[in-house]
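Enquirer: Under my numbering, read the sequence shown as residues 1014 to 1953, first letter to last.
Hint data in this document are derived by calculation from the structure and do not stem from the laboratory. Everything numeric in this text was worked out from a predicted model, so none of it was measured. Among these hints, one or two may not hold up.
Only pairs whose alpha carbons sit at most 20 Å apart, straight line, appear in this in silico SDA-like list of lysine to any residue [claimed, not checked]:
#	residue 1	residue 2
1	K1144	G1040
2	K1065	Y1076
3	K1387	A1397
4	K1943	F1882
5	K1722	L1936
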Amino acid sequence: MNNAFRIDADQVTRELGVSPERGLDSGEVERRRQRFGANELVGKPPEPLWKKVLKQFNDPLIYLLLGAIVISLVAWSIEGAHGFPIDALVIAVIVVANAVIGLVEENKAENAVGALATMTAAHSTVIREGKKVEVPSDEIVPGDILSLAEGDAVGADARLISATALRIQEASLTGESESAEKDVATITEEVGIGDRANMVFRGTAVTSGVGLAVVTDTGMSTEMGKIATLLDETEAAPSPLQVEINKISKTLGILVIAIAVIVMVALWVINGVSSLHDAVEILLLGVSLAVAAVPEGLPAILSLVLAIGVQALARRNAIMKELHSVETLGSTSVICSDKTGTLTKNEMTIRAIRTASGYVELSGTGYEPVGQAKLVRGKDDAQAEARLTIRGGALANNAQLAQNSEGTWEIVGDPTEAAFLVAEPKILANSASQPEPRRLGEVPFNSERKMMSVLVEDPQSQSVRIYTKGAPDVLLQHCEAEQVGAQTRPLTENRREDIRFEVAELSAQGYRTLGVAWREAAENAGGSGGVVEKEFGETSERDLVYTGTVAIIDPPRPEAREAIELAHRAGIRTVMITGDHPITAKAIADDLGMSDDAETTVVTGQDISAMDGAQLARTVQETEVYARVAPEHKLQIVDALQNSGKIVAMTGDGVNDAPALKSADIGIAMGITGTEVTKEAGKMVLADDNYATIVAAVRQGRNIFDNIKKFMRYLLSSNMGEVFTVFLGVVCGGIIGLADPADPAATVVPLLATQILWINLVTDSGPALAMGVDPEVGDVMRRRPRNINDSVIDRQMWTRIIGIGAVMGMVSLVIYDLCLPGGLIGGFEHLGAGAASQLDVARTTVFTALVMMQLFNALNSRSDTESAFVSMFANKWLWGSIVLAAILQVAVVEWAPLQAAFGTASLDAAHWVLAIGAGVVVLLVEEIIKLARRAKLARR
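Please take these sequences and the hints and turn them into a complete structure.
Expert: Now the structure itself:
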């Protein structure tokens, strides 16, 4: 809608055919969605399939294989083109099979990321059919009435209908760092975006205040949509894990190519080259060795494993917005958690009201508005004072309480505010029949003021009044009197101290406390006909009458204490950071067992403000509970912990928590109570707002990272086994006197090029992916957090990789020696079908033994300390991939068409036992190494 800012708000709503009070109905919403489309920004078009297919071949090592195919075909043609070019066909099939596997893995990872994007999609609150409802922002249509509050992300361009102290952060559009103040006044002249004070724009955020706005433009018609193409120009930087893996692949590639060149030169020098066929065979061997030894599929497997792991986290209510944040999650050493809803149930229930005349208790729990009010002690006036207190809190309120179709009571808005709505029917029996007051103004709550005020025309009291609720210690500073029955009396210093003592007493019992106050707003008393204050704002919060203090119970989550103990055992500190009273925070912390000390120390925001950098650095090392903190204090705490080398996870729900969440290593936004701005700032969204879910996510993050190390250890050690087998066979075979029965003077090669590529095909992707979803082996929460700066593959892991690869190579050489005449040992060379087939039988046995060793190595690689027999059958996918690979190996050895393609020969029982026994040897060697390591760890 062009120039909506120059049109009166009433006219805009008329042109869009919508009532601000009722909004659109569902049928009209659907018609407009069909007309205007989804409220989405059109980004880059999806990559076409043909490009994805070509990308699978865009690798230097694949270029080598393609070149090898061409050379093989040329040699076959020159030599007369007899039969089929078996080598070229086999290599081509393997290249295509690898490309298909890579394409499938990439598509699965993309689909997983797409599913996560849907989970973390932004939501907006709109008015439809007279009710506030939360909908995905991409379902907004022109004419929708947006309800805006602090922390909301604006879902579409809209013309303001009403605004109270509304400020919007528009830096994404205007570049202005300061938030823009908004009002509804019509602008008569043409102005730029930054000066359109009566408009709100998609992609901006509400920093304070409330408002209503009618949507004028959606999707690509928004101001953000006009510049959407710029959003696609920035490429995401690779994570540290990706950088390290790319570096490992390149380094390993250079090393293996050097080894392949040495092998080719050795064969060329020792055996000589008498024909083009000989040259092609040597070249194919070198190329195949280089391709098989470098795990070129590692990045694709990594992305898929991370995607599967992140989906598993999402099923446990921890939604990671970035795949590679899992790497950091598992290294978390401090969890800074809010109290309300995270460590507690967030089932806010008002249980008591303390007033000047006594103490009233309310029965009932949860959000069902059923219960009774009972005077526990004091005068009857306490009942009237309690009613006024609850009434005032229910009016100074933006929450909604409603019963859904299943009969369950649900809230929309802040649970603390909803507690007043639940309490109102309990203490005011006829509250449902009372006419609704008309709100004339609002001073919204924010974390700095810790108060909220409304100006209402109240039919019940026949007057225009200000009602204020907030933290009692803050609210008392704005009060001059207190309510006593139907009268008011001056609030003396003694009474202030009494109220503060009552607040402390309630806080010590674990209650959250809020105070309520009021005053007449008309300059002339006498009802709604009085002259209302001309400017209602923060300056109006003066000369208030204190009515009472409510005690709100939010019991600790039963699972939170156990989760805190588990985190502590895993070397993770839990730090509570709350805006509540210090005594309340201490009571909850003690109940949860957060501190090892007999006396829990509580540091307040005021204390932090008085500290210098050095003092704060010392404080964060020994403090578990912070109370009455402001958002800037949260940021200071996070920064101080990070400066001391900690990896910090930080929870938050309000808009002012966003800086601390962005600064933290893992910012965790609350999924239920969190604002859209907070969800955008965080790297993780906690769908159930539960602290125990954070600890479970850390555990899962550790296991995911362990699984990454498992498949990297497996792939690299197995590939090193192939390198050592060929290298030792060529270099040492001649030294120990291994001979080809058909040509005793020639050096025998233990594996053919096609056999090396086959091993790579059947043993790499399947077991590696299966290890990526391996269940936890041992207890990952019994070790200290990993240092985020430590290499994924450290010196010890490299030693194990090279060591196991060397064992595979030496075992292969021993088997080769057993199966060929000459050498140091013998015993199986007489079992061939004839002199001409002895070499084929020997190669096939080594070929099969190497496959078996790698499959047994998959069982070894599940842990670097635990025995392979611990939870041996827990991973059905791993066993499935092992069984499939074994069946394929039997086929390539025993099925005639595959024998011709891969140069294999049938094996008798003795050779099969020898090949399988080689796998058992690798398993036993690794078991001995693990046993020694466990003994070493036990001595520490």
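Enquirer: Would you mind marking each hint as holding or not holding in the structure?
Expert: Now the hints, each set against the structure:
About 15 Å separates the Cα atoms of K1144 and G1040, which keeps this hinted pair within 20 Å; it holds. A hinted pair counts as satisfied when its Cα atoms are at most 20 Å apart, and K1065 with Y1076 qualifies at roughly 17 Å. A threshold of 20 Å between alpha carbons decides the hint, and for K1387 with A1397 the separation of about 12 Å falls inside it, so the pair holds. For the hint linking K1943 to F1882, the alpha-carbon distance of about 12 Å falls within 20 Å, and the restraint holds.
A threshold of 20 Å between alpha carbons decides the hint, and for K1722 with L1936 the separation of about 18 Å falls inside it, so the pair holds.
Every hint from the earlier list agrees with this structure, and none is contradicted.
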